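Taken in order, these protein sequences are the chains called A and B. With this note's numbering as the guide, the letters of the first sequence map in order to residues 994 to 1483. With this note's numbering as the guide, the letters of the second sequence map in order to residues 994 to 1483.
These aren't lab readings, by the way, just hints derived from the structure by calculation. Some clues are possibly wrong.
Any copy will do: because identical chains look the same in the list, a pair fits if it lies in one copy or spans two.
Stated by the list, open to error - In the DSS-like style, the derived pairs of lysine-lysine whose C-alpha atoms are separated by at most 27 angstroms in a straight line are:
#: 1; residue 1: K1087; residue 2: K1430
#: 2; residue 1: K1186; residue 2: K1393
#: 3; residue 1: K1186; residue 2: K1354
#: 4; residue 1: K1322; residue 2: K1354
#: 5; residue 1: K1391; residue 2: K1322
#: 6; residue 1: K1391; residue 2: K1087
#: 7; residue 1: K1430; residue 2: K1393
#: 8; residue 1: K1322; residue 2: K1393
Keep in mind that this is a model prediction, so the values were computed, not measured.
Protein chains: 2
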Amino acid sequence: MRRNPLPARTMKGKQTSGESLQLLPVILSGGAGTRLWPLSRAEHPKPFLRLEGARSLLQATFRRAAALPGVTSILTVTHRELLFKTRDEYGAVKPDGLPTPLLLEPCSRNTAPSLAVSALWAECRHGPGTVLLALPADHLIGDEAAFARAVASAVRLAETGLLVTFGIRPDAPETRYGYLEAEGQRVLRFVEKPPEALAREFVRSGRFLWNAGIFCMRTGVFLEELATHAPELLAAVRETVAHTPGFGDGPDPVRLDAESFALVPDGSIDHVLMEHSRQVAVVPADFGWSDVGSWSALASLTRPDSSGNRTLGQVRTVASGDCYVQSPKRLATLVGVRDLIVVDTEDALLIAHRDRVDEVKAVVAGLQAQGHESALRHREVHRPWGSYTVLEEGSRFKIKRLVVRPRHALSLQMHHHRSEHWVVVSGTAEVENGGGKSLLQTDESTYIPAGTRHRLANPGLVDLVLIEVQSGEYLGEDDIVRFDDAWGRS
Amino acid sequence: MRRNPLPARTMKGKQTSGESLQLLPVILSGGAGTRLWPLSRAEHPKPFLRLEGARSLLQATFRRAAALPGVTSILTVTHRELLFKTRDEYGAVKPDGLPTPLLLEPCSRNTAPSLAVSALWAECRHGPGTVLLALPADHLIGDEAAFARAVASAVRLAETGLLVTFGIRPDAPETRYGYLEAEGQRVLRFVEKPPEALAREFVRSGRFLWNAGIFCMRTGVFLEELATHAPELLAAVRETVAHTPGFGDGPDPVRLDAESFALVPDGSIDHVLMEHSRQVAVVPADFGWSDVGSWSALASLTRPDSSGNRTLGQVRTVASGDCYVQSPKRLATLVGVRDLIVVDTEDALLIAHRDRVDEVKAVVAGLQAQGHESALRHREVHRPWGSYTVLEEGSRFKIKRLVVRPRHALSLQMHHHRSEHWVVVSGTAEVENGGGKSLLQTDESTYIPAGTRHRLANPGLVDLVLIEVQSGEYLGEDDIVRFDDAWGRS
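Could you build all of it, start to finish, from the sequences and the hints given here?
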């Protein structure tokens, strides 16, 4: 395996590709967001939630970054399992021609490693001196113009060699956040998650700001400070980079080497660096920020009715107050209850007291430990070619709805134990069944006997929606032999 | 329309059919049971609920009646819409050869009219002097032997010309029940739904019993007492009987005339008769009775865990106590809550404080007023030939699972706007499609184009399970033209 300490090489001016950039937004999209279960799942984490209208938090973050002046490329660091979902999200909002390189992590090691990898990548591809703007993909920002102004201030400070944080004026003694004491742009100290009494004092004093988790800094300054304050972490990240094929010059996406990245210590940039560095500055800002870090934070985004109930979907309340209810698909009725958070999804229901929502994490940890399906994914599962939803499962049969994107195809495959009936609900299907190929229009159907090689494709320009009725002795997803697969899964 | 005051005729000894009976159980199965919504629905009322193991309350009531000595026929009064469901329930538990005549009401008028019709019917079919045992079909009785002993005592008293009630020794100051003050078998007075303070006093005194709503009396005595205390009601019921074809001698079931029955005043036998008659006796009894008349009553049937939570199905609780949760199909999680009743069904969810469960009625009334589907029926809909469940509906498509009973068939029918794909999941289907007839085995499928006459039948000895994918512009249940129907619906 190739082993080359890349930053050293690029410092010597031997950069292999790319152009010099002033500002590179880095979208950090790896988080799990278990606090918003059952809406978020391991395979459908918080950045993918559509909390406000039609756009996901990730799409909103991307558009916000793309709208900043001088941005000619946006880097994203995410979990490798989220590659296709991330591309889908960007595809729907991306301006033509804007490069959107991806760094894929094999596991999550928190923000410090993600940003260290990003800095090394940026030096490699665009030379030293690039200013990074680290943007968590799971925050809400209400005032985009104020955000852009704050970024402009931060970039100016970053260019002078400072590590710049964004400080939000607190409007409540929130105990989930990190606080920083500031005097103008100077940061005096960080205080992580203070107890409530202390948080109240901070808010009262007027000298404390919430640490928004957004950072701006030159790659060189950041890497130097990391070398000083977290040398082991940086060394482990350099090791990963050295073992990652094509890191400096390969095609997109870059898949970080799993074995070495697993050895990188876990750490947030706050803990690892900001709390220790003497080069930290803050841009006080007020751009309608929320980290939507709990169900109570999310609840506050919905307008209450006269009883203090905030409801989304089909909800009826009788003699109930101060509840938040999200029930998009089924009727939820509340009778004589108060202060509840109720979140209903296809396969899991959460009922929590609003003062105990932090314990949702414990529920999810328990589900994950048992490999419970509802901790991992929703009923609707995304695939490179589209998505499928299991509608019903029973003895010897399973019914799925498949959506295949225009000009996409599933792999050429075969099942030993199940046969499949396909009924086209909308769009056009191209079906390879045994030897022959045929086209099926809306309302037409076909039958794939067990043991027959087959492939489903959508040759058209609109989504293909198809109902698949499987029958057989064994209907597990693992009864599949792939002969040819556009995504390297055969 | 024929008009003949039947009881007068039968009093003259001109009974047209039947034999003299000593004891005729009358199962009263018309109630709605909105208090147990969303488990009960207008078309799936409380008697059909399976609260304990595999048998419905109706089946348990039927078996209990059939097991009584001397029972050679069981009469049931129910809503006409429940005919097929009732026959299904009985079919699964009925001893061979036991006659189970049905009186079908076009609407519900409470127990007094139902029992008056039953008494007239019994005199007609079996002569005067039959002893009726009125059994609500929605109660639980734990000790069948004690029940049989109490009935034997009641029959002896009824034969002496008394109206006999069953009095349950109260173990709590329940305010939903009627109480009766007793001295031995003599009833001193009835007190309907006392306030809690009074109920406490009643329980303490030891002289009060709960009125279980079970009655035993000779038809003649009952009708005479009705003539004295509720002459208008009795006259209106006689009017219905006179306008009902085949009431005295027609085949089963007897469908009560809708126009005249609608004019019968609503009344419970307690209010209308028992509270006024001087011929009332009580059999004190202790046979593990519960009317399961609310979610809190139902909750008490489930054993609590160490935190006082009573759970059925997939339930996880964290820092929660004294809750009742029923979630058979999906994962329900509770975090930091107390004293909740949570009932989850396919299409509706109830979350109620356990002290406010009586207000569930108000929720259902609101839903009924709006014709909300969840007030009327479950996703699974029963039909004379079996049942169907809508699995998924979308633009231009609907997916159903059909279960057709052995040797049953749907009507010969045609749809203008939709075509149907059928896939046999298990069993054998006989399909009439346009001109021809064919047999489909498990895993085979067929296609019914819009405008084609078709019929689906199950010629086999096991259930036929079939997935139907409908597609078309309009998919309402009313797009159906029936040409031939075994149940007279064409």
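Tested hints:
1. Taking the closest pair of Cα atoms, K1087 and K1430 never come within 27 angstroms of each other, the shortest separation being 35 angstroms inside a single copy and 56 angstroms across copies.
2. Taking CA atoms no more than 27 angstroms apart as the test, K1186 paired with K1393 passes in neither setting, with 45 angstroms inside one copy and 52 angstroms between copies.
3. Taking CA atoms no more than 27 angstroms apart as the test, K1186 paired with K1354 passes inside one copy only; the shortest distance there is 17 angstroms, against 46 angstroms between copies.
4. With identical chains, the CA atoms of K1322 and K1354 are at most 27 angstroms apart both within one copy (24 angstroms) and between copies (23 angstroms).
5. For the homomeric pair K1391 and K1322, the shortest alpha-carbon distances inside one copy (21 angstroms) and between copies (16 angstroms) are both at most 27 angstroms.
6. Taking the closest pair of Cα atoms, K1391 and K1087 never come within 27 angstroms of each other, the shortest separation being 37 angstroms inside a single copy and 35 angstroms across copies.
7. Within a single copy, K1430 and K1393 get their C-alpha atoms as close as 22 angstroms, which meets the 27 angstroms cut-off; across copies the closest is 29 angstroms, which misses it.
8. For a Cα distance limit of 27 angstroms, the shortest separation of K1322 from K1393 qualifies both inside one copy, at 18 angstroms, and across copies, at 18 angstroms.
Figure legend: structure checked against the earlier numbered hints; hints not met, in rising order: 1, 2 and 6.
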